[in-house]
Amino acid sequence: DIQMTQSPSSLSASVGDRVTITCRTSQTIGNYLNWYQQKPGKAPKLLIYAASSLQSGVPSRFSGSGSGTDFTLTISSLQPEDFATYYCQQSYSSPLFTFGQGTKLDIK
Amino acid sequence: HLVESGGGLVKPGGSLRLSCAASGFTFSKAWMSWVRQAPGKGLEWVGRIKGKSDGGTIDYAAPVKGRFTISRDDSKNTLYLQMNSLKSEDTAVYYCTTDGIWYVRDDAYYGMHVWGQGTTVTVSS
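So the protein lines, in turn, are chains A and B.
For the first sequence, my numbering assigns the number 1 to the initial residue and increments by one for each residue that follows.
For the second sequence, my numbering assigns the number 109 to the initial residue and increments by one for each residue that follows.
Derived by calculation from the structure, the hints in this document are not laboratory data.
Some hints here could point you the wrong way.
Stated by the list, open to error - Below are the DSS-like pairs computed for lysine-lysine, each with C-alpha atoms no more than 27 Å apart in a straight line: (1) B:Lys137 with A:Lys45; (2) A:Lys45 with B:Lys184; (3) A:Lys39 with A:Lys108; (4) A:Lys45 with B:Lys149; (5) A:Lys45 with B:Lys158; (6) B:Lys173 with B:Lys195; (7) B:Lys160 with A:Lys42.
Please model the entire structure based on the sequences and the hints provided.
As structure tokens, this is what we get:
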């Protein structure tokens, strides 16, 4: 199984900050990496697929990069609505998808 | 639009069937997944069923294989998850999702596109 490791597990930041979350996989997955955002009590929402392609309707302050085993999600200027938990997911071994453990982003 | 139902409290070793009613898209062609989230924990993919025109293949995650069964009724636009031999570690919110397929330079990429609101399953004596 492909293991996913996100870092940090939690992060405090302020509105307007630039934030980067990292996801590392236990084996190379090309760019078969998705990012999701989940707010408390809500279902997750897809932000980015194929490591760097922005899902329709997602603000351009979100961006993704990376390939192989190391990936990043960057929020260029945090907005109040961005405080949430973020998950990476590999689709390389589809349908045996695996998720990272999540990164909780809260207000400093 | 996806709406799950059927969650509840069940004793260890018991069974439960979840339903997911779909609307607003061509359900019969959709690949559908179940994803769960234990209390305070991360997301875990449970299983997927392809559309019948793509063979209707069903795949399961190792922790539920042999205990859970995914099925669909295209005439009712409904996805099901039959859960047997339930364990305490199956306690979670269960989401149904549509599997999206995106193409980037002729390569296909998969992910969970539309999500339901989730239904809660609690396994406890």
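Given hint lysine 108 (chain A) paired with lysine 39 (chain A) - CA-CA distance at most 27 Å: The given pair, whose Cα atoms are some 17 Å apart, holds under the 27 Å limit.
27 Å Cα cutoff - pair lysine 45 (chain A), lysine 158 (chain B): Holds, at about 21 Å.
Hinted pair lysine 137 (chain B) and lysine 45 (chain A), Cα distance within 27 Å: holds (22 Å)
Pairwise hint evaluation, lysine 42 (chain A) against lysine 160 (chain B), where the allowed Cα distance is 27 Å at most: Not OK: lysine 160 (chain B) and lysine 42 (chain A) at ~30 Å, beyond 27 Å, violated.
Lysine 173 (chain B) paired with lysine 195 (chain B) [C-alpha distance capped at 27 Å]: Within the cut-off at roughly 13 Å; holds.
Pair hint outcome, lysine 45 (chain A) versus lysine 149 (chain B) [Cα-Cα no greater than 27 Å]: holds (17 Å)
Lysine 45 (chain A) paired with lysine 184 (chain B) [C-alpha distance capped at 27 Å]: holds (26 Å)
Against the hints set out earlier in the document, a violation occurs for number 7 only.
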